[in-house]
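In terms of my numbering, the sequence shown has 8 at position 8, counting the first letter as 1, and numbering is strictly consecutive.
Because the hints were derived from the structure by calculation, they are not lab data. Only a predicted model underlies this, so the values are computations on that prediction, with no experimental measurement involved. C-beta atoms are modelled at their ideal positions from N, C-alpha and C, and glycine is treated no differently. Check before you lean on any hint, since a few could be wrong.
What the hints assert, rightly or not - Here are the simulated distance ranges between beta carbons:
#1 ALA42 x ASP11: 22 to 28 Å
#2 GLU8 x ILE46: 16 to 22 Å
#3 GLN35 x ALA10: 15 to 21 Å
#4 GLY47 x ALA12: 28 to 34 Å
#5 PRO37 x LEU14: 22 to 28 Å
#6 GLY47 x ARG18: 24 to 30 Å
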Amino acid sequence: LVAIVAAEAADAILTAMRAHPLGGQAAIIGHVTAQHPGVVVARTGIGGTRVVDMQVGEQLPRIC
């Protein structure tokens, strides 16, 4: 499950998700900023950044 929620509600929602038997590993994996409008930017393991391109072809879900 990927949920986009208001920053001020994130902690309460995360607590509720973790209270569910299958939500013990729920975590915040990103945030929305004004720095890169209209694109998704991922931070790499070595501290760099890269744009996550739109999928081409079959629109299968992916979580990277």
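A quick look at each hint next to the structure:
{"no.": "1", "hint": "ALA42 x ASP11: 22 to 28 Å", "result": "23 Å, holds"}
{"no.": "2", "hint": "GLU8 x ILE46: 16 to 22 Å", "result": "32 Å, violated"}
{"no.": "3", "hint": "GLN35 x ALA10: 15 to 21 Å", "result": "19 Å, holds"}
{"no.": "4", "hint": "GLY47 x ALA12: 28 to 34 Å", "result": "31 Å, holds"}
{"no.": "5", "hint": "PRO37 x LEU14: 22 to 28 Å", "result": "26 Å, holds"}
{"no.": "6", "hint": "GLY47 x ARG18: 24 to 30 Å", "result": "28 Å, holds"}
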